[in-house]
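Peer 1: Input sequences plus hints: build the corresponding full structure.
Residue numbers (the UniProt record's numbering): 1 to 349.
Source of the hints: derived by calculation from the structure; they are not laboratory data. There may be inaccurate statements among the hints.
[As the list claims (entries may be wrong)] DSSO-like, lysine-lysine: derived pairs with alpha carbons at most 30 Å apart:
{"#": "1", "residue 1": "K68", "residue 2": "K54"}
{"#": "2", "residue 1": "K54", "residue 2": "K14"}
{"#": "3", "residue 1": "K156", "residue 2": "K68"}
{"#": "4", "residue 1": "K54", "residue 2": "K159"}
{"#": "5", "residue 1": "K212", "residue 2": "K156"}
{"#": "6", "residue 1": "K272", "residue 2": "K212"}
{"#": "7", "residue 1": "K212", "residue 2": "K14"}
{"#": "8", "residue 1": "K267", "residue 2": "K212"}
{"#": "9", "residue 1": "K272", "residue 2": "K255"}
{"#": "10", "residue 1": "K267", "residue 2": "K14"}
{"#": "11", "residue 1": "K54", "residue 2": "K156"}
{"#": "12", "residue 1": "K68", "residue 2": "K14"}
[Said to hold, decoys possible] Here are the simulated distance ranges between beta carbons:
{"#": "13", "residue 1": "L341", "residue 2": "T208", "range": "49 to 55 Å"}
{"#": "14", "residue 1": "N322", "residue 2": "Y23", "range": "26 to 32 Å"}
{"#": "15", "residue 1": "S86", "residue 2": "T119", "range": "23 to 29 Å"}
{"#": "16", "residue 1": "G269", "residue 2": "M227", "range": "21 to 27 Å"}
{"#": "17", "residue 1": "S70", "residue 2": "N44", "range": "23 to 29 Å"}
{"#": "18", "residue 1": "L320", "residue 2": "D248", "range": "40 to 46 Å"}
{"#": "19", "residue 1": "D280", "residue 2": "Q51", "range": "58 to 64 Å"}
{"#": "20", "residue 1": "Q115", "residue 2": "V319", "range": "47 to 53 Å"}
{"#": "21", "residue 1": "N69", "residue 2": "A295", "range": "50 to 56 Å"}
{"#": "22", "residue 1": "F30", "residue 2": "T119", "range": "39 to 45 Å"}
{"#": "23", "residue 1": "F30", "residue 2": "S283", "range": "34 to 40 Å"}
{"#": "24", "residue 1": "Q51", "residue 2": "G269", "range": "37 to 43 Å"}
Ideal Cβ placement from N, Cα and C applies to all residues, glycine included.
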Amino acid sequence: MNECFVRQTSTTVKRQQLAHPDYSRFRQTFPIIGIWDDHDYGINDGDNHYQYRKESQQLFLDFLDEPKNSPRRHQEGIYTSYTYGSGVTSVKFILLDNRYHRDPYGTEFGDFLGQAQWTWLEHELMTSTATFNIVAAGIQVLPDDRWHKIGESWSKFPKARARLLSLIQSSRASGVILLSGDVHFAEINQVRCGDAYNLTEISSSGMTHAWKLMRGVIGPAFTLANMILPWHFRVDPHQYYGSYNFGDVAFDWSKSPPTAAASVYGKDGLLKLQQVVQADRYSGDGPVACGPIHAVYPTYFLFLRVFVVAVILAFIASVLVNAIVLVVVPLQLVWRLFAFLRHPKLKSS
Numbered sequence: 001m002n003e004c005f006v007r008q009t010s011t012t013v014k015r016q017q018l019a020h021p022d023y024s025r026f027r028q029t030f031p032i033i034g035i036w037d038d039h040d041y042g043i044n045d046g047d048n049h050y051q052y053r054k055e056s057q058q059l060f061l062d063f064l065d066e067p068k069n070s071p072r073r074h075q076e077g078i079y080t081s082y083t084y085g086s087g088v089t090s091v092k093f094i095l096l097d098n099r100y101h102r103d104p105y106g107t108e109f110g111d112f113l114g115q116a117q118w119t120w121l122e123h124e125l126m127t128s129t130a131t132f133n134i135v136a137a138g139i140q141v142l143p144d145d146r147w148h149k150i151g152e153s154w155s156k157f158p159k160a161r162a163r164l165l166s167l168i169q170s171s172r173a174s175g176v177i178l179l180s181g182d183v184h185f186a187e188i189n190q191v192r193c194g195d196a197y198n199l200t201e202i203s204s205s206g207m208t209h210a211w212k213l214m215r216g217v218i219g220p221a222f223t224l225a226n227m228i229l230p231w232h233f234r235v236d237p238h239q240y241y242g243s244y245n246f247g248d249v250a251f252d253w254s255k256s257p258p259t260a261a262a263s264v265y266g267k268d269g270l271l272k273l274q275q276v277v278q279a280d281r282y283s284g285d286g287p288v289a290c291g292p293i294h295a296v297y298p299t300y301f302l303f304l305r306v307f308v309v310a311v312i313l314a315f316i317a318s319v320l321v322n323a324i325v326l327v328v329v330p331l332q333l334v335w336r337l338f339a340f341l342r343h344p345k346l347k348s349s
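Peer 2: Rendered as structure tokens:
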């Protein structure tokens with residue numbers, strides 16, 4: 001019964017999306033490749049314990065019109081790669097599945113990909129001859145400075161995150177750029193690996209949900225945090241976009257070396273964020289630890305976090321006080337008036 005319900009619900013939602021006029025026109029204009037995240041997978045923050053992951057795999061691949069004989073249909077997980085162009089004008093898209101094999105959060109030395117996908121990823125990077133290699137994952141890879149690792153990111157499993165960054169370096173793949181979503185806002189992050197190699201991640205999220213537009217205390221709290229906190233991994237610490245957005249990567253083959261402009265656009269079609277990345281590769285003697293591009297001052301960062309929390313709590317307290325003044329006090333007055341009218345002898349006394 002549950003399996004039938006899940007399959008029917010997922011199928012209905014996907015059919016509705018396919019039938020949407022704007023999406024239908026988009027499909028007719030551009031080839032669509034894709035990887036899932038939790039809500040495509042079937043459950044919020046889903047991991048390898050999701051009981052319908054095999055069914056979800058086939059339904060999602062149906063949605064993408066994946067051929068019935070595709071290897072993605074028969075492997076565990078939907079990771080894959082695509083290469084467009086050839087020679088110096090080539091781009092490889094490597095799509096990581098960070099759901100099917102992900103360990104539950106809290107697992108010591110937990111993993112996102114599973115050994116088979118790690119082996120595949122190593123081969124994809126090591127053998128790539130593409131000028132740019134775009135590695136896409138559902139959740140963010142680089143930032144690890146979020147409060148107590150709020151939300152989902154690769155920082156939940158530091159060993160797996162370090163393994164991915166080390167693999168990118170040791171593969172010496174050209175022009176690696178990370179793409180991610182999930183966070184309901186857009187930002188561009190970087191890490192510095194050694195003295196001469198920066199790795200860039202562009203996060204675009206989302207076209208239907210955005211923190212800044214949330215009602216209640218969430219929207220203002222999000223804006224306040226982005227105004228005050230240092231955001232060590234952002235190229236510009238206070239450059240982000242909190243409303244509806246989409247990402248775009250444009251390649252310029254006339255440059256030497258070629259460049260990729262990773263951009264974020266708003267619902268109005270205007271450019272909100274952009275970072276230009278050259279097609280370079282790691283050239284060190286061996287993998288090194290990667291860190292944020294801005295200096296970290298723990299005491300100062302702690303002070304700012306405490307300040308933000310204090311402001312949010314003060315705001316909530318003021319809302320409660322106003323609620324008491326505007327609702328509770330008038331109700332008390334009405335109640336006393338009602339009691340007075342019901343007992344007129346109180347009036348004479």
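Peer 1: If a hint holds in the structure, say so; if it does not, say that too.
Peer 2: Hint-by-hint comparison with the structure:
Restraint check for K68 and K54: satisfied, since their Cα atoms lie roughly 15 Å apart, inside the 30 Å limit. Under the criterion of a C-alpha separation no larger than 30 Å, the hint pairing K54 with K14 is consistent with the structure, at around 17 Å. For the proposed pair K156 and K68, the alpha carbon gap of about 35 Å is over 30 Å, so the pair is violated. At roughly 27 Å between alpha-carbon atoms, K54 and K159 fall within 30 Å of each other, so this suggested pair holds.
In summary, the hint linking K212 to K156 is supported, as the alpha carbons are separated by about 24 Å, within the 30 Å threshold. For the hint pairing K272 with K212, the CA-to-CA distance comes to about 15 Å; that is within 30 Å, so the pair holds. Between the alpha carbons of K212 and K14 the distance comes to roughly 27 Å, so the proposed pair stays at or under 30 Å and holds. As the CA atoms of K267 and K212 are separated by approximately 14 Å, the hinted pair is consistent with the 30 Å bound.
At most 30 Å may separate the alpha-carbon atoms for a hinted pair to count; K272 and K255 meet this at roughly 24 Å. Distance restraint check for K267 and K14: the Cα-Cα separation of roughly 23 Å lies within the 30 Å cut-off, and the hinted pair is therefore satisfied. Restraint check for K54 and K156: satisfied, since their Cα atoms lie roughly 25 Å apart, inside the 30 Å limit. Annotation: proposed proximity of K68 to K14 holds, straight-line Cα distance about 18 Å (limit 30 Å).
About 53 Å separates the C-beta atoms of L341 and T208, a value consistent with the hinted range of 49 to 55 Å. One distance hint, 26 to 32 Å for the beta-carbon pair N322 and Y23, is violated here, with the actual separation near 43 Å. Evaluation of the 23 to 29 Å hint for S86 and T119 yields a pass: the beta carbon distance comes to about 26 Å. Here the CB-CB span from G269 to M227 is close to 26 Å, well matched to the stated 21 to 27 Å.
For the pair S70 and N44, the supplied restraint of 23 to 29 Å holds, since their beta-carbon distance comes to about 27 Å. Against the hinted window of 40 to 46 Å, the Cβ-Cβ separation of L320 and D248 comes to about 44 Å, which satisfies the hint. Distance hint check for D280 and Q51: the Cβ-Cβ separation is about 44 Å, which falls outside the suggested range of 58 to 64 Å. At roughly 50 Å, the beta-carbon separation of Q115 and V319 lies within the given 47 to 53 Å, and the hint holds.
Range check, N69 to A295: about 52 Å between beta-carbon atoms, so the 50 to 56 Å window is met. Distance hint check: the CB atoms of F30 and T119 are about 31 Å apart, inconsistent with the given range 39 to 45 Å. Distance hint check for F30 and S283: the Cβ-Cβ separation is about 35 Å, which falls inside the suggested range of 34 to 40 Å. Between Q51 and G269, the C-beta spacing of about 42 Å keeps the proposed range 37 to 43 Å intact.
Consistency with the previously given hints fails for numbers 3, 14, 19 and 22, ordered from lowest to highest.
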